Amino acid sequence: MMVDRHPPGHRMGPARKLGGTVPGPIAETLAALLLVATLVSAVVRPWGLPEALIAVPAAGLLLVLGVLPLSQAGTEATSLGPTIGFLAAILVLANLCDRYGLFEAAGTWMASGSRGRPVTLLALVFAVASTVTAVLSLDATVVLLTPVVFATVARLRLRSKPHVYACTHLANSASLLLPVSNLTNLLAFSASGLSFARFGAVMALPWLAAIAVEWLVLRRFFSGELIGRAESIPPRRQPVPVFACVVVGLTLVGFFVTSLVHIAPAFAALGGAVTLGVPALASRRAALRDIGLALEVPFLAFVLALGIVVKAVSVHGLGSLVTHLVPAGTSLGSLLLIAAVAAVLANLINNLPAVLLLLPAASIAGPGAVLAVLIGVNTGPNLTYVGSLATLLWRRVLRQRGEELPVSEFMRLGALTVPPVLVAATVALWISLRAVG
Amino acid sequence: MMPSVRVVIWVVEGTWQGCLDAAGPSLPSGARVALLHVTPSDVTGAAEAASAGLLGRFPGRRASRPFQAVAHQAGAELLAAAAARLGRPDAELLEREGRVELEVIRAVAENVDLLVAARDGDHSRLGPHSLGPTTRFVVDHAPCAVLLVWPDEPPGIESIPPPPPAHLAPPPGHHSPPPPA
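Keeping their order, the protein sequence lines are chains G and E. The opening residue of the first sequence carries number 276 in our numbering; numbering runs sequentially from there. The opening residue of the second sequence carries number 2 in our numbering; numbering runs sequentially from there.
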């Protein structure tokens, strides 16, 4: 049983007597600086170095100096371990789906289904991106689906901007539905005490509300780009990968079934990955090395190290500050406030540390508060994607490569979507909590 | 002998067929024609920024810049299709990348007599904003003549809203009078 109903640390409050050899204010500053260094290096990746290269030594330094006691780091690692395993299984599953041609087939289906009409194509992109994000996580949408959508629109000789933005926006705002949809959900799932099925049942309405608002805003915002019509759709026979579709469907069923019989749903993800992986290896569709790379070991180490760094920041003051920001109760006002705080924090730093910081306080306030935090940290990043600091640096990296982040348009679209999505999804959560309980 | 007129036709996804069909008959005879397509750098940038949001995940795919390669290939194919549609296989093909409005101005900055462009924007709402911001910029800054063509059916003159009847325009601060019986 992997569900940890009591995340470590939330009963301890701010730990003033924890300190090791380093005086409080210095420990606090050091932990905060290392958090910033960890995040910045993960985004900018100087000289293409792996993201774990700064994160892991940073966590190690905090432990050696006694800024975070080993026992606390141990409990944090124990609670993160199963989540990281779950994430690894989902990453491999999505990667294998790509190797079976699932995303290419989706592209072909969208092209022929659109009949060359850009608005119909946008509707199909919404349907596919929302489903892929919910079932195979936002990573799959950003990394595997978006390039396929881009190529599909290019092949139809239509303008790609609305469809690309639909993918990038839905990767965030359509990641509310299931624990597997977003790493933030996985982290919160273990803290919320909700079962997989219950999580999905409560979040279905907020998920639909977020998608509906995105549709209304994007459809209007890009009305000038959704013009013209593809004359003839270049025929491209792409067989539907039936086996991969069936395995993904069964994995989805497995998530619900395992949670009903109190087995960790991570095993369903593992089952899906193995069922797809073994024949893929046998038919040389994928080599063992590919699956090893798809595991993203440096990223998994990064998440673990980030958890420890955030824990150190949290016990040295910021945690108690954040606790004050999270109101108790599940009134509509409290939920809206929690979601807003989470969205602001996700934009200030990044959504991963934001959710790690907010979870201990939110899980005391109950599952409703935890889910409101998720609405904030998942939909908020459509303003700055990686947090404002990292975005500034990322722009420089893009410019060096001859690309640019269209900041004004990008921020304008974010400013038009994020507040209404946040409010609509939170109101939907409030209704859902009353209806589903 | 007069030097031949140099024309640049700016082709954009979604409107390119209509643009070429409308512009073809209007081209001066003996004109030297170039077809221009610009791959916008901001779309690929937005897509790549989203993958930065994943922090370290999928590093291998991110390094390969898949978007720009696809965009260049699609741009080249679009230009070839445009030359065929125009029936001018001799047309010069110009594929650029960057901020679209700036690249278009740069392409017509020297020795170009005429730029042909399709009206973009939302044609269902005619008015000051019916021209999209990119075309608006090009129209404002192009250092040559600009031929703006409808990529679809031109609207009829009935699209002009009727002027408000004089007796219905109330002086400020007054309520409209009741309609005549």
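In case anyone wonders, no lab produced these hints; they're calculated from the structure. It is possible that part of the hints are untrue.
Derived DEER-like restraints, expressed as beta-carbon distance ranges [said to hold, decoys possible]:
no., chain 1, residue 1, chain 2, residue 2, range
1, G, T395, E, G25, 54 to 60 angstroms
2, G, C520, E, G31, 31 to 37 angstroms
3, E, S125, G, T350, 55 to 61 angstroms
Reference excerpt, derived from the structure (chain E facing chain G, CB under 7 angstroms, subset only) [to be verified]:
no., residue
4, G15
5, T16
6, A48
7, F68
8, V71
9, H73
10, E104
11, I106
12, P129
13, G133
14, A146
15, L149
No experiment lies behind these values; they were computed from the predicted model shown. In this text, a Cβ means the ideal position worked out from N, Cα and C, and glycines have one as well.
Are there hints from earlier that the structure breaks, and if so, what are their numbers? Hints 1, 2, 9, 10, 11, 12, 14, 15 contradicted; others consistent.
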